[in-house]
Amino acid sequence: MSMETPFLGNTPIDPGDGTAGGSEVYSNEKAVVDASNKAEGYVMVKYTGGVDTRIKVLITGPSGTTYNYNLNNKGNYEVFPFSDGDGSYTIGVYQNTAGTKYSTAYKATVSVKMKNAFAAFLHANQYVNFTSNSQAVKLAAQLTAGKSGTLEKVDAVYEYVIKNIAYDYDRAATVQSGYLPNIDDVLVKKKGICFDYAAVMSAMLRSLGIPTKLVVGYCGTAYHAWINVYVEGQGWVNSVIYFDGSKWNHMDPTYAAGNPDIGDFSSKYTYTSKYVY
2 MSMETPFLGN TPIDPGDGTA GGSEVYSNEK AVVDASNKAE GYVMVKYTGG
52 VDTRIKVLIT GPSGTTYNYN LNNKGNYEVF PFSDGDGSYT IGVYQNTAGT
102 KYSTAYKATV SVKMKNAFAA FLHANQYVNF TSNSQAVKLA AQLTAGKSGT
152 LEKVDAVYEY VIKNIAYDYD RAATVQSGYL PNIDDVLVKK KGICFDYAAV
202 MSAMLRSLGI PTKLVVGYCG TAYHAWINVY VEGQGWVNSV IYFDGSKWNH
252 MDPTYAAGNP DIGDFSSKYT YTSKYVY
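Under this note's numbering, the very last position in the sequence shown is 278; numbers go up by exactly one each time.
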């Protein structure tokens, strides 16, 4: 399938740094949905109801998949991707009333036409959270200095992640629903869970202008997170975990970090994606 790929020279992108445009805004007294940057593949949402309670954002795209996010209740914008590509999205903001019950604070429908097929996977969002000042961005630039192509840059970032971040078994045993990676904290502590690995690598590669998907789903029967990277001439790479010297396949940095003998990886693990960020 032909795709528009104007940025595959890997020009570093501006992550946005959480600035709402203000040119296409939907709101009431309880919530604001700023879709000014929809052509870039994301929407910004904030809760303005002033109630100290749990807030949810539910986004349903053209595929019918509903993405369920937590949202802060302090009136601060957060960024969410249009993961389904072009089409109509319903964006709902809900506030907790009691137990597991929620009431609708606000709901809007947004028609999305992105500037290219990769826009949503080049910018920061709630899960892949970075700014131009993030250590991950600076490190990615250092690691890839002098690298000439996509594969060389992906290789440099990938090798750094699997060699320098250890799996955090304590966090994995205690992690709660709604956990969000702190990318720079993972780099400082040099340890993390599968979600952290995927978020760190996604942020670093996106900052270099390389389209990168953070995927959540199942590896066998285990809930897991991994990444897919777009490589010019190959498309989205998501089948195995290793680079064989001439082509990239599936790169799951968690399993690579814990398993140096990965030659028969594809026969051991079956990946099924559920959500893409």
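Hints listed in this document are in silico derivations from the structure and should not be mistaken for laboratory results. Only a predicted model underlies this, so the values are computations on that prediction, with no experimental measurement involved. Even glycine gets a Cβ: it sits at the ideal position worked out from N, Cα and C. Please note: incorrect hints may appear among the correct ones.
[Said to hold, decoys possible] Heads up, simulated EDC-like pairs for lysine to aspartate or glutamate below, C-alpha to C-alpha not over 16 Å straight-line:
#1 139 x 169
#2 191 x 171
#3 116 x 79
#4 192 x 171
#5 116 x 41
#6 114 x 87
#7 57 x 79
#8 190 x 156
#9 139 x 185
#10 108 x 185
#11 114 x 41
#12 191 x 233
#13 31 x 53
#14 114 x 171
[Claimed, not checked] Cβ pair distances, simulated, as ranges:
#15 86 x 51: 15 to 25 Å
#16 173 x 24: 40 to 50 Å
#17 22 x 100: 33 to 43 Å
Tested hints:
For the suggested pair residue 139 and residue 169, the alpha carbons sit about 24 Å apart, so the restraint of at most 16 Å is broken. With a CA separation close to 14 Å, the supplied pair residue 191 and residue 171 stays within the 16 Å bound. Among the hinted pairs, residue 116 with residue 79 is inconsistent with the structure: their alpha-carbon atoms are about 21 Å apart, more than 16 Å. This hinted pair checks out: residue 192 and residue 171 have alpha carbons roughly 10 Å apart, not beyond 16 Å.
The straight-line distance between the Cα atoms of residue 116 and residue 41 is roughly 6 Å, inside the 16 Å bound, and the hint therefore holds. Restraint check: the Cα-Cα separation between residue 114 and residue 87 comes to about 5 Å, which is no more than 16 Å; the hinted pair holds. Taking the CA atoms of residue 57 and residue 79, the gap is near 12 Å; set against the 16 Å cutoff, the hint holds. For the hint pairing residue 190 with residue 156, the CA-to-CA distance comes to about 22 Å; that exceeds 16 Å, so the pair is violated.
Taking the CA atoms of residue 139 and residue 185, the gap is about 11 Å. The hint holds against a cut of 16 Å. Only pairs whose Cα atoms come within 16 Å are accepted, and residue 108 paired with residue 185 is rejected, the gap being roughly 33 Å. A distance of roughly 9 Å separates the Cα atoms of residue 114 and residue 41; the hinted pair therefore holds under the 16 Å criterion. Annotation: proposed proximity of residue 191 to residue 233 is violated, straight-line Cα distance about 31 Å (limit 16 Å).
Distance hint between residue 31 and residue 53 is fulfilled; the C-alpha atoms sit about 12 Å from each other, no more than 16 Å. Under the criterion of a C-alpha separation no larger than 16 Å, the hint pairing residue 114 with residue 171 is inconsistent with the structure, at around 43 Å. For the hinted restraint 15 to 25 Å between residue 86 and residue 51, the CB-CB distance of approximately 35 Å leaves it violated. The hinted range of 40 to 50 Å is satisfied by residue 173 and residue 24, whose Cβ atoms lie roughly 42 Å apart.
In this structure, residue 22 and residue 100 meet the distance hint of 33 to 43 Å, their C-beta atoms being roughly 37 Å apart.
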